[in-house]
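**Q** Please work from the sequences and hints to get the whole structure.
If you're matching them up, the sequences are chains A and B in order. Heads up, the first sequence is in my numbering, so the first residue is 1 and it goes up one at a time. Heads up, the second sequence is in my numbering, so the first residue is 1001 and it goes up one at a time.
Because the hints were derived from the structure by calculation, they are not lab data. It is possible that some hints are incorrect.
Derived pair list, reagent style BS3-like, types lysine-lysine, alpha-carbon separation capped at 27 Å [unchecked claim]:
(1) 1228(B) / 1323(B)
(2) 20(A) / 1188(B)
(3) 45(A) / 1166(B)
(4) 1311(B) / 1288(B)
Here chain B is said to cover these stretches of chain A; the calculated rule only asks that three of the stretch's residues, wherever they fall, bring their Cβ under 8 Å from a Cβ of chain B [stated by the list, open to error]:
(5) 10-16
(6) 25-36
(7) 39-48
Remember, it's a predicted structure, so these values are computed and weren't measured experimentally. For every residue, glycine included, the Cβ atom is placed at its ideal position computed from N, Cα and C.
Each chain, letter by letter, is given below.
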Amino acid sequence: MDWVTHHTLFRNIILLSFSKKRKFEVVEYLCKGLIFYPFLLRYFKAQSTSESIGSLASNVGDDIYPLF
Amino acid sequence: MSKTKRFTERNPELSFICFDPKVGFWGRPNMEGDVYFDVRKDVPIRVRHNSEGIRDEPFDQSDKGRCLLCVGGSYTWGSGVEQEHLYPKLLSDQLGKRVVNLGQVAFGLDQVCLTVLTKSEAYSPSVVIVEQHPWALHRIINPYANGGYVRPHFRLDADQQVTLEKVPKHLKHKVVRRMVASYYAYRKNLLEFISGIDLSKNYDPLFDPMFLYWKIGYYDYMYQLAEKIIVILRDYCLQRDIKLLFLIDSLLQYFTKKSKSDLVDYDLPRDRLIQILEKNCVSYLDSKEQLLCHHSDDDPVILNDGHLNEKGNERVALTLEKKLRSLGWIG
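**A** Okay, here's the thing in structure tokens:
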């Protein structure tokens, strides 16, 4: 479970960073993710044992509204 | 001493706040200046805080025990509007009773609750009016506040019990506070990213995720938490024989254009809030219909950013008086 949390968190930090358009933002988010990693890990570990966080939002509709 | 300031940043009001250990931030006492809000760039608005850090006249102790409190965000604080045109002041004139304006910009429902719990006793109000913008409910799940401040925040533990995360005292130091605020801002971005929400790319308020049916799941926790906070408020007021009324703001989106899809519903957060209030027997006033019927493009009730203008404040004050009298709370 710990390894999964580590892996998932690290992966999401990388994905978030590289979702940014500008290079300095990529670096900024990467650095922040690494600096805040211990705190984020503690937070996500706590959430993984709690059922109080709502389910992940669906991405299904994300490709719909550009058509409006 | 007055001083003229000109602001071009997005939230000029944030210059009027400072660290507060109980609610995260509060109005800077005895501050005064002319502010050029973005929505009224050519018109300076005089902003004046009294010694209590609120945008109101000094409180007379003889009013203690028989005044009304208005607690809320920038609608109550009065972004873009002169102090004498704000609805708490107008309501006070209409009722012949002291109405205290405890509004603070960027306040969340959690901070409103803590304001009532920790600061209202100084006024011993007979009525508390909580002004809540439905969209702003998201603030209770985001401890980061604009300007590098951190909110105290409630959260639900595994047993659905409410716990309060207070603001640590060391956050009074700006450098430390900015680092902690930066962490919360990053965490917010990460959580939203994981849930497929990206507010940084071409953000369109007409498609804010709060209004999207396929993003409901992300906000379920927020509504659960909001209900707990509202119950805390309700019970606090009940114990002290204080009447509690929620004033539900109208969204800017109501006045622009209707959503083009049944999957995008601007009433989504409002309807959920009303559902919570009714379930917990909390009185409320929904300003939507009153403001819409008095609004036109030539004679609007709101400013371009959605805040109430002078006419909007008048309508809210009149509607509030009518509501309070219908409830029998005003003699």
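**Q** Report the numbers of all earlier hints that the structure fails to satisfy, in ascending order.
**A** none
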